[in-house]
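Asks: Given the structure of chain A, go ahead and fit chain B onto it with the hints provided.
2 protein chains.
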Amino acid sequence: MLIPKVAIVGPSGAVGKTLVQLLYERSFPFSEIRLCGSERSIGGEISVGDKSIKVEKATPELFKQVDIVFIAAGSEVSRSLTPIAVNSGAIVIDKSSEFRMNKDVPLVIPEVNGIDLNCHKGIISSPNCSTTPLAMTLKALSCISPITRVVVDTYQSVSGSGLPAMEELRTQTNDVLSNGNVTPKVYPHQIAFNALPHIDDFHESGYTTEELKMVYETRKILHQPELSISATCVRIPVMVGHSEAVHIEFKRSVEVEHVRAVLSKSPGISVVDDPKTRSYPLPIQVEGKDDIYVGRIRRDKSNARGLAMWLVSDNLRKGASLNALQIAEELLKKGMILNKKGENNYA
Amino acid sequence: MLIPKVAIVGPSGAVGKTLVQLLYERSFPFSEIRLCGSERSIGGEISVGDKSIKVEKATPELFKQVDIVFIAAGSEVSRSLTPIAVNSGAIVIDKSSEFRMNKDVPLVIPEVNGIDLNCHKGIISSPNCSTTPLAMTLKALSCISPITRVVVDTYQSVSGSGLPAMEELRTQTNDVLSNGNVTPKVYPHQIAFNALPHIDDFHESGYTTEELKMVYETRKILHQPELSISATCVRIPVMVGHSEAVHIEFKRSVEVEHVRAVLSKSPGISVVDDPKTRSYPLPIQVEGKDDIYVGRIRRDKSNARGLAMWLVSDNLRKGASLNALQIAEELLKKGMILNKKGENNYA
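Which chain is which? The protein sequence lines are A and B, in order. According to the numbering used here, the stretch in the first sequence is residues 36 to 382, in order. According to the numbering used here, the stretch in the second sequence is residues 36 to 382, in order.
Okay, chain A solo, but in the shape it has when bound (with noise of 0.2 angstroms):
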């Protein structure tokens, strides 16, 4: 197998630094890391359990001389240096929205759609944090029957938009609990103790890009250009984990019973739905953990082929990093990691 040599560009942000670590906790095979960061931060230091990692410029230089290169920053970031990473021979594996629309680019959850890899062209998207645990439940519901249409709300944690948000959801919620002063910097509004039914920019439909990569991300996963979806994204004052009310529709009726039978043999997902112990998926007990939660499974009393269910999953683990991870696993298996730098770093 070949032992590929990697890049992370953004590897001091809340999804980077989840990145690096998962690289050594998975026993990732590669022969050598490099860490690209911004300006602010070349020069400086990424710790991983007793390594010290240099933090470099990201340049055509560095990129010839990896294999895969994994963004884990804005996509502004992924715009300008995935062109040059790709004509640099690597593989860039993005975890930034700038490509997952694009048709030449797979939008690939290894469980659900890892066919999708073989039509890569050097590129390779992984989706939104509320998309990714949403489409493997769709997908691992798909073998029951058809689904005819999705209602989803979502309840984000601050986590999803980096490290600077968690801060701000600390010190506002010290500043409410003593009576001081709120000063919203990264949300629009005060954060701690609220709700804020905004995530991303508003469109004309009156739908956020949130609540649209949502939909759009999630109908090119499943390739199912037509599925009806819509999706209500609120931010709530969680640290880390992503919540989700889902609402499904089938073609045919379900049974509650096969459906948590199904889930529960389904690669990524965990069922914990058991009311009687007060057992659902919770945000704080799925931090750090890489499946995807379901509980609360139930017919929808309101639609006699519907079920109703609750989600839950690390925005920062299966949600980002891990399923980028899974992505560079998934080639190594196909093979498809060629050593374009004419090394020899085969084991």
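Rather than coming from a laboratory, the hints here were simulated on the basis of the structure. Quantities reported herein were computed from a predicted structural model and do not represent experimental measurements. We treat Cβ as the ideally placed atom computed from N, Cα and C, and that holds for glycine. Hints are all accurate, no fakes.
Looking from chain B toward chain A, a few residues come up when the C-beta cut is under 8 angstroms (computed):
#1 Leu231
#2 Val269
#3 Lys336
#4 Ala343
Which chain B residues face chain A? A few, computed with CB under 8 angstroms, are given here:
#5 Val186
#6 His233
#7 Ser240
#8 Ile264
#9 Pro318
#10 Arg334
For lysine to aspartate or glutamate, the following DMTMM-like pairs were computed, each having C-alpha atoms within a straight-line distance of at most 25 angstroms:
#11 Lys220/B to Asp309/A
#12 Lys89/A to Glu74/A
#13 Lys311/A to Asp236/B
Replies: Positioned in the frame of chain A, the structure of chain B alone reads:
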């Protein structure tokens, strides 16, 4: 007009406190006010503005001396005191869920079904705090088109569980921020920086009592026993103000602009819906406000005859005490509070 004598049961609780305050704030006409508390609070005093009112024991004698009894305590208190109050000739306006689904008890939001007051037999129930804003919105929209289905997911504040829950959120939040231990008391799990998809007891169907209240109470209030509704009720770390993501299906296609206009003209409803200026209802902004607030109104992307929107209201006001008081105001206006005590307290 009759100037009634009123009693409030539960004046030290979150809802009761607001109710006492509102009686003065709205200049509700009363000739006497009596406050009845639990064993623990009897003999103490409640301050309202510059007044101080003694807390007494609820007795048949006390109830005989008043015309209206507001019960702002739990179902158990209501179960034991309501028959006594009614037998004493007083009209009971009950905030608990105890009698809401009783066919002889009108369940009333004055703006929606004030007419149901005509059938009361001594007890009138006020709906659940998450039902009221939903039912008001659905009623206001029903003049545009019949409504065929409703899916709602809630973001409920801790004040819905009373003052101890507000204290628990405060304490736990401090504990988490200072890396201390968290010991849940009011809730089954930590509420600070978390989201609990569990409000009230679980039923065999997988739904909670809170979710079923939203279903059955809405149907009763709207006189639509067959209305299809599904709800997921979630507690989030917000002090006051319940939010709801609502997806409504109509029999006919509706226009967003028309919906905004109709809601704006509806009594008790304010529209805050201008994404360009980041204006949408927020719990921290509706605290202490009487209206229910609607925003994020848009076509539902998953249904051609559907609408999505975001509701927020002060659960202690319109969701509880204000509605109870408005029921009393409506009874007075209709001349339905008779001086059963034989005393001359007409103005």
